[in-house]
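Participant: Take the given structure of chain A and dock chain B to it, following the hints.
Sequences listed follow chains A and B, in order. With this note's numbering applied, the first sequence corresponds to residues 7 to 312, in that order. With this note's numbering applied, the second sequence corresponds to residues 77 to 788, in that order.
No lab work stands behind these hints, which were simulated from the structure alone.
Using C-beta positions, here's what the derived DEER-type ranges look like:
1. 304(A) x 703(B): 43 to 49 Å
2. 89(A) x 348(B): 43 to 49 Å
3. 509(B) x 98(A): 41 to 47 Å
4. 634(B) x 17(A): 36 to 42 Å
5. 304(A) x 659(B): 54 to 60 Å
Listed next, the in silico SDA-like pairs over lysine to any residue satisfying Cα-Cα at most 20 Å (straight line):
6. 9(A) x 551(B)
7. 739(B) x 727(B)
8. 9(A) x 550(B)
9. 299(A) x 134(B)
10. 198(B) x 241(B)
11. 310(B) x 125(A)
12. 707(B) x 694(B)
All residues carry an ideal CB built from backbone N, CA and C; glycine is no exception.
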Amino acid sequence: MEKSLDQFIGEHDRGLYLPILFSLLMRLEHMVWQEIESDAALVAFALRNGITAFNTNGVINWFDTWMEAEALGLNLSRDKNGQVLSVNGQINRDVDPEQFVKNGQVSIAVDVAKRLSSELAERSVVFGYLTGGSTMAEKCFPQDLKQKLFAEDQPQDISDDDKGLIDLVARCSLQMAREYCESGATALLLVEEIEPSKVILDAYEPLFNLANYYSIPVLSLHREPPSKSTAAVLEKFGCFAMLNEKNDAEEGNVVLSESIFLSADGSDAELNNIVSNQNRLITTYWDLPFNSKLERVAEIGRTMTN
Amino acid sequence: MGRLFDDNFYRFEDLIYDTEAYGPQPGCDPELITQGLAPVTEKERIGAEGLTDVEIDLLDHKLTSIAEEGRDVYMNLSISEGIITGDMNCGIFTASGDPCTVATGIYFHVLLNNAQLKYINKYYADDPTVGLRDGDIFFFNDELGGGIHSFDMFTAMPVFFEGELVAWAEVGGHQGESGSVSPGGFVPTATSRFEEGLHIPVMKIGENFQLRQDVLDFLCASVRNPFILAADLKSRLATCKRIRDRIIRECERRGAPSLVGGMRQILIRSEERARAHLVKLNDGIYRHVLFNDDMGTEEGLTRIPTTVYKEGDTLTMVVQGVSPENGKGPMHATWHLIRGSMGVYLFSYFFRGLQPNAGLLQAVKVLVEGPSIANSSAHLAHGEGTSIAACVVQNLHVIGSKILFDSPYKEAVQSPHSRNISLYIFSGENARGYTSMNFTGTVNASGQGGRVDGDGEHAVGFYWGPFTDSGEVEDIDSRLPHTVLSRAIGKNYHGFGKNRGSAPLVEVSTSCSHKGCLMTSWGSADRLSHNPGIFGGYYGPPNPRFVIRNTDLMERLQADEDLDIFSQFDLMNKQQLNGEYIMESSSTSTQQFAEGDVFAFSLGGGGGYGDVLEREPESVLEDIQTNVLTKEVGETVYGVVFNSETGDVDLKKTDKKRASMKKNRLKQGKPFNEFVTGWLKKRPNEEIIQNYGNYPEPRVENYDKPFWGMYE
Numbered sequence: 007m008e009k010s011l012d013q014f015i016g017e018h019d020r021g022l023y024l025p026i027l028f029s030l031l032m033r034l035e036h037m038v039w040q041e042i043e044s045d046a047a048l049v050a051f052a053l054r055n056g057i058t059a060f061n062t063n064g065v066i067n068w069f070d071t072w073m074e075a076e077a078l079g080l081n082l083s084r085d086k087n088g089q090v091l092s093v094n095g096q097i098n099r100d101v102d103p104e105q106f107v108k109n110g111q112v113s114i115a116v117d118v119a120k121r122l123s124s125e126l127a128e129r130s131v132v133f134g135y136l137t138g139g140s141t142m143a144e145k146c147f148p149q150d151l152k153q154k155l156f157a158e159d160q161p162q163d164i165s166d167d168d169k170g171l172i173d174l175v176a177r178c179s180l181q182m183a184r185e186y187c188e189s190g191a192t193a194l195l196l197v198e199e200i201e202p203s204k205v206i207l208d209a210y211e212p213l214f215n216l217a218n219y220y221s222i223p224v225l226s227l228h229r230e231p232p233s234k235s236t237a238a239v240l241e242k243f244g245c246f247a248m249l250n251e252k253n254d255a256e257e258g259n260v261v262l263s264e265s266i267f268l269s270a271d272g273s274d275a276e277l278n279n280i281v282s283n284q285n286r287l288i289t290t291y292w293d294l295p296f297n298s299k300l301e302r303v304a305e306i307g308r309t310m311t312n
Numbered sequence: 077m078g079r080l081f082d083d084n085f086y087r088f089e090d091l092i093y094d095t096e097a098y099g100p101q102p103g104c105d106p107e108l109i110t111q112g113l114a115p116v117t118e119k120e121r122i123g124a125e126g127l128t129d130v131e132i133d134l135l136d137h138k139l140t141s142i143a144e145e146g147r148d149v150y151m152n153l154s155i156s157e158g159i160i161t162g163d164m165n166c167g168i169f170t171a172s173g174d175p176c177t178v179a180t181g182i183y184f185h186v187l188l189n190n191a192q193l194k195y196i197n198k199y200y201a202d203d204p205t206v207g208l209r210d211g212d213i214f215f216f217n218d219e220l221g222g223g224i225h226s227f228d229m230f231t232a233m234p235v236f237f238e239g240e241l242v243a244w245a246e247v248g249g250h251q252g253e254s255g256s257v258s259p260g261g262f263v264p265t266a267t268s269r270f271e272e273g274l275h276i277p278v279m280k281i282g283e284n285f286q287l288r289q290d291v292l293d294f295l296c297a298s299v300r301n302p303f304i305l306a307a308d309l310k311s312r313l314a315t316c317k318r319i320r321d322r323i324i325r326e327c328e329r330r331g332a333p334s335l336v337g338g339m340r341q342i343l344i345r346s347e348e349r350a351r352a353h354l355v356k357l358n359d360g361i362y363r364h365v366l367f368n369d370d371m372g373t374e375e376g377l378t379r380i381p382t383t384v385y386k387e388g389d390t391l392t393m394v395v396q397g398v399s400p401e402n403g404k405g406p407m408h409a410t411w412h413l414i415r416g417s418m419g420v421y422l423f424s425y426f427f428r429g430l431q432p433n434a435g436l437l438q439a440v441k442v443l444v445e446g447p448s449i450a451n452s453s454a455h456l457a458h459g460e461g462t463s464i465a466a467c468v469v470q471n472l473h474v475i476g477s478k479i480l481f482d483s484p485y486k487e488a489v490q491s492p493h494s495r496n497i498s499l500y501i502f503s504g505e506n507a508r509g510y511t512s513m514n515f516t517g518t519v520n521a522s523g524q525g526g527r528v529d530g531d532g533e534h535a536v537g538f539y540w541g542p543f544t545d546s547g548e549v550e551d552i553d554s555r556l557p558h559t560v561l562s563r564a565i566g567k568n569y570h571g572f573g574k575n576r577g578s579a580p581l582v583e584v585s586t587s588c589s590h591k592g593c594l595m596t597s598w599g600s601a602d603r604l605s606h607n608p609g610i611f612g613g614y615y616g617p618p619n620p621r622f623v624i625r626n627t628d629l630m631e632r633l634q635a636d637e638d639l640d641i642f643s644q645f646d647l648m649n650k651q652q653l654n655g656e657y658i659m660e661s662s663s664t665s666t667q668q669f670a671e672g673d674v675f676a677f678s679l680g681g682g683g684g685y686g687d688v689l690e691r692e693p694e695s696v697l698e699d700i701q702t703n704v705l706t707k708e709v710g711e712t713v714y715g716v717v718f719n720s721e722t723g724d725v726d727l728k729k730t731d732k733k734r735a736s737m738k739k740n741r742l743k744q745g746k747p748f749n750e751f752v753t754g755w756l757k758k759r760p761n762e763e764i765i766q767n768y769g770n771y772p773e774p775r776v777e778n779y780d781k782p783f784w785g786m787y788e
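Looking at chain A on its own, in the form it has when it is part of the complex (with noise of 0.2 Å):
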C-alpha cells in the first residue's frame, strides 16, 4: 500500500528532503540524451541512485520543460545532455492525449515513474513530473494567443480552435497525470518557468479534481514566486503552492515547503534551521545544473539527515 505525503512527512523528526537532482544523477550514471529518452530501467535506476547517493528522502520522475512539447510535435534538436539547440515545426492538433502519453518521452516518464513507484514502495517518495500549462503554451502556442493569454487583462477573444488548443494541453496533462497517480505516485510536481496564465490554470482545473480523487497532493514550482491571484486560484484547488521564498507561516496540516540555495558558501548551522521543521518539504529552487559541484551537494545530503 502506498504512503502518503503527510505520512512521509511526519516519518521523521526533520523536514522531508527531495532536492531535484535529474540533470546532475544523470550525469552521475553518464547518461547521454539518447540513452535518456529510450531507457526508463536505466532511469530509474539512476534516479534511485541519487537516494543513497545525497541521502533524499525520494525522487522526481523526470524534469525536462520541453518533455510534453515536443511530444505534442514540435522537433528539437538537442545536445547530448538534452539541453535543447533548436526547436521546429508545430505542435499537432489532433493528438489523442491517450496516444500522447504513449509518445517519446512521456511515455518514458511515464515507465520511469511506474518503476520507482513500484519498487521504491513505501521506503521513498516518487513525485511525478508535469510541465505546467503555461510553460507548455509558452513554448507551442502560436504568437498571437499567447500574447492574449499572457496579457495582464483577462482575455476575451479566445478563438473556439485556440480554446480547442487550450484543451487539448489539459487533457494531455491530466492523461499523465492520471497515469502517475495509476502508478502509485506520492504527489505530482506542477512545473511553470512563467507566471501562469488563469485561462490556462483554469483549465487544469479537472487535474487538481482527478488528483484529489486519488488523494495525491499536486505541488505547483514556479520559477519566480507566482502572483499572488495565482496563488490564490491554487489554493482553491487544494493545492500545496510551493515557494520559493522562506514560508513563515504557522505550522498546521498543510505541507510547508522550503527551497535551499545550494551553494558553496552555504552554512551548515543554518541549513539545520531549516532541516529541523518536521513538517516541511525541503527542495531545490529548480532542477540542479549536471555541472553542479557533487562534493558540496552531497555534504548538504549529510547535514540534512545527521
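Facilitator: Leaving out everything else, chain B in the frame of chain A:
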C-alpha cells in the same frame, strides 16, 4: 589460534569440526564449501593497483545500488509469497565466486551461494559437456552443494566482459514447493533427504540469456505449482540479466580491471574493518546453550550449545557438546548452514554499520562438531536444519550481547529476535484459480528482543531477514487458499523485562471455500522457547501449533454475531467458538481442513532485557492500555500496584511490593557450589532424552563438571 582457545578447546578425536560431516557428492565438493574467500587472483591484484579509497567507495556504492535495484525488481516480478515479502536475496559475486555485495532479504542466502559458483568454475567451466559462457544461466537448490534446503532456489549468471569472466550475478530465495512429500516443500516428518523433493546441486538451465524449454519443462513437471515456479524462474532470470547489464556498464565506464580489483578490495576492506572492530572488544570465553523440544517425527530434547572464543582480532565460534544426529526428522543442519546463518546476527547486530559481505566472516573461525544435529550426514533430511542453526544464532545473540556490553558498540546489545517457529504452509486452489502453497507474510512480523536502550519493536521482521515485509492481508487472501480474519499484536506474547521484548503479529485465519485447504506445519519451540531474555529478562513464550476444527464460525459470521475471536488471546481464553480446540506439536504432517476451521499463526515474541522489577511502572501501564499486556501480568510479574478507582499506578505501593518481591528472591538464593551440586542431580525423564546423547554432556559419560563444555 589464540591462547584461550588452545588452552580450553577440547577436540574429540573421533569427531570432525572444520568441515562437513559428509564427503564429496555429485555436484558437491565440501572442500570448496569450507574454503572461505578464494585466493587473490592476478587480475584482482593488478586491478586493485592504484585504486584510491574514494574510487573503492564509489564502486562499493554503485554495486550496492545495482544489487538493491535487483532486489526490488525481483520482489516486484515474483509471484511467490516468500519472495514478494522479502525471503530472498540478490548478490554480486567475484569471478572466483565470493559474495561481494548483498541486497536482501536474507543474508545467509548470499553467504551460502558461493560454493556452487566455485564448483562451476572448478568442474564445469572447462568441461565441454557443460562449459561457461556469456548468457549462461545456472540453477541450484541442493543443501549438500552449499545451499539451505531444497525449497530455497537460486539462479546465477556469469558476467563476461570482452571475453573475460569478471563477476557473477545471483538471485534467489524461498520458492516453496519443491516436489517434496508434503506440498509446499516443508516435510516436518521427513527422515531422508529424498522425501524433500527436487535436489539440484548445480545445473545449467539456459544459454544465450534464454531458459531451455526442455529444462524448464522438467523443473515444472517436478513440482505441484508449475505456474508459480516458471513465473518465478523467469523473474530471477530477468533480475540476473539486469544485474549483469549494470555490471557491464560499470566495466565500460571504469574498465574491467578496476571493477575486478575493486571488488576484491571491498572484501579485503570488510575483513580489515571486522578485525578492527573485534580488537576493541574484551577477550574472553563466552557461552550459551539452547535446547530443542522436537525432532520432527517425535518430541524430545536435544541440545545446541555455542562457545565463542574472542581473542584479539578473531572470533572462534565452536558448536560443541551438541546432540548426535538422530534421523528422526529434518532438524539436521550442515556445517556451512551454521556458518552462513551466523551472518544474520553478525551482520545485523554485532558488526552493524559494516558492509555485509563474505569479508566480514574472514575474521570468524567456525568449528561445528559432527556428525551431529548441527553438522550432519548426507542421507538425512535437512529441511529444518535451519531450526538447529537458529539455535546457534540465538546463542550468538546472547553471547554477542555479553561481548558488546562493555564496548563502544553497546547500542547493539539486545535479546534475540523471536524465532519460535511454528510455520503453517497452506496449500490448495487460491482465489485466482491456480494452485498455490506457501506460508504467509505474517512470518515476517515476529517480535524483536528487548534492547539495552529500549523496548523491542513489535512485529519487526523475519528472524532470518530483519528487512522483510509482512505483506498485505488482501494479497494473502488472493494468493493463498485461506482467508485471514485478522492480524493483531499478540497480548502477553513477549518476553518481560526492564525493557520488554516485543510481540508478533498473530494471524487468525480460516479455511473458507467449500474445497477447504491443506495445511502442513513445521517447527519446534512448542514447549521450550528459543527466544532467551538477557541480563534478567524473561524468555519470549513458546509457540505451539493452535488450530480449531469443526467450528460454527461461518454460521455465526453469517448471523452477524459480535465475536471476540480476532486475537489469539481472545480466541484461546474466551473460547467463544464452538469446536475442537487443538494445541499440538508444530511438526505435524499435512492435513485437510474444512470451511470454518480456524488457524492462529505467528513466529512468537522476543525475549526481555533486564529485571522486570526495574521496568518503569508507567511503561507497564502503557502496555496494558495499548493491549499488549494484561493487568494481571502487570501486577504479578512486574509488581505494579494500580489504584483500584483511577487505574493509575500507585508508586508508593509499587515500591513496597517490589521490595517484598526482591526479598523473596533473595530467600530462594543458594551459594554457587550448592546450586551446582543440586543441579547436576536433576535429570529429565528418560523418555524425552532418548536422542539427546549422554546426559548432561552428549559426548561424555558421567559428566560431573559444574558447567557443560568443560572437558578437562
